[in-house]
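Its first residue numbered 1, the sequence shown is counted upward by one per residue in UniProt numbering.
Just so you know, these hints were derived from the structure itself, not from any lab. Mixed in with the good hints there might be a few duds.
[Stated by the list, open to error] Computed list of lysine to aspartate or glutamate pairs in DMTMM-like fashion (alpha-carbon distance at most 25 Å, straight line):
1) K46 with E66
2) K29 with E51
3) K20 with E65
4) K46 with E65
5) K46 with E15
6) K29 with E7
7) K29 with E15
8) K20 with E51
9) K46 with E58
10) K29 with E18
11) K49 with E65
12) K46 with E7
13) K49 with E15
14) K49 with E18
15) K46 with E18
16) K29 with E66
17) K29 with E65
18) K49 with E66
19) K20 with E58
20) K29 with E58
21) K20 with E66
22) K49 with E7
23) K20 with E7
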Amino acid sequence: MTTRKTEPIGRAIQEARERKRMSRTAFAKAVGRSYQHVYNVETGRKGTKAESLHLWAEVLGVPFEEIAGASA
Numbered sequence: 001m002t003t004r005k006t007e008p009i010g011r012a013i014q015e016a017r018e019r020k021r022m023s024r025t026a027f028a029k030a031v032g033r034s035y036q037h038v039y040n041v042e043t044g045r046k047g048t049k050a051e052s053l054h055l056w057a058e059v060l061g062v063p064f065e066e067i068a069g070a071s072a
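Turn these sequences into a full structure, and let the hints steer you where they fit.
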């Protein structure tokens, strides 16, 4: 079950991660979350806090707005 609010953010995270050629496992470890949590966020099943998105964007080397702005 996906939600319209979290799905675009998750898609933006997944696309940025894939552009960086980073596995979901490596990304989860880098941001201190479980593989399952990252999967749930990327697929729109769960959201995550703005504070987490700042870290995620930093790890991915993209501006925060690229991820957070995906929901606009």
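Each hint, compared with the structure:
1. Between K46 and E66 the CA atoms are separated by roughly 19 Å; this keeps the pair inside 25 Å, and the hint holds.
2. Taken as a hint, the K29 and E51 pair is honoured in the structure, with Cα atoms around 17 Å apart against an allowance of 25 Å.
3. Between K20 and E65 the CA atoms are separated by roughly 17 Å; this keeps the pair inside 25 Å, and the hint holds.
4. Note on K46 and E65: the hinted pairing holds, with a Cα-Cα distance of about 19 Å set against a maximum of 25 Å.
5. For the hint pairing K46 with E15, the CA-to-CA distance comes to about 17 Å; that is within 25 Å, so the pair holds.
6. Simply put, K29 and E7 have alpha-carbon atoms about 22 Å apart, close enough for the 25 Å limit, and the pair holds.
7. With a C-alpha separation of about 18 Å, the suggested pairing of K29 with E15 holds against the 25 Å cut-off.
8. Of the pairs offered as hints, the one joining K20 and E51 holds, with about 21 Å between alpha carbons and a cut-off of 25 Å not exceeded.
9. Between the alpha carbons of K46 and E58 the distance comes to roughly 20 Å, so the proposed pair stays at or under 25 Å and holds.
10. For the hint linking K29 to E18, the alpha-carbon distance of about 15 Å falls within 25 Å, and the restraint holds.
11. With a C-alpha separation of about 14 Å, the suggested pair K49 and E65 falls inside the 25 Å cut-off, and the hint holds.
12. Between K46 and E7 the alpha-carbon distance is near 9 Å, which keeps this suggested pair within the 25 Å criterion.
13. At roughly 19 Å between alpha-carbon atoms, K49 and E15 fall within 25 Å of each other, so this suggested pair holds.
14. At most 25 Å may separate the alpha-carbon atoms for a hinted pair to count; K49 and E18 meet this at roughly 21 Å.
15. As the CA atoms of K46 and E18 are separated by approximately 19 Å, the hinted pair is consistent with the 25 Å bound.
16. Taken as a hint, the K29 and E66 pair is honoured in the structure, with Cα atoms around 21 Å apart against an allowance of 25 Å.
17. A C-alpha spacing of about 23 Å is found between K29 and E65, which places the hinted pair at or below 25 Å, so the restraint holds.
18. About 15 Å separates the Cα atoms of K49 and E66, which keeps this hinted pair within 25 Å; it holds.
19. The suggested pairing of K20 with E58 holds, with an alpha-carbon distance near 12 Å, which does not exceed 25 Å.
20. Proposed proximity of K29 and E58 is supported: the alpha carbons are some 14 Å apart, at most 25 Å.
21. With a CA separation close to 14 Å, the supplied pair K20 and E66 stays within the 25 Å bound.
22. Annotation: proposed proximity of K49 to E7 holds, straight-line Cα distance about 14 Å (limit 25 Å).
23. Between K20 and E7, the direct Cα distance comes to roughly 20 Å. Compliance with the 25 Å bound is thereby established for this hinted pair.
The structure shown violates none of the earlier numbered hints.
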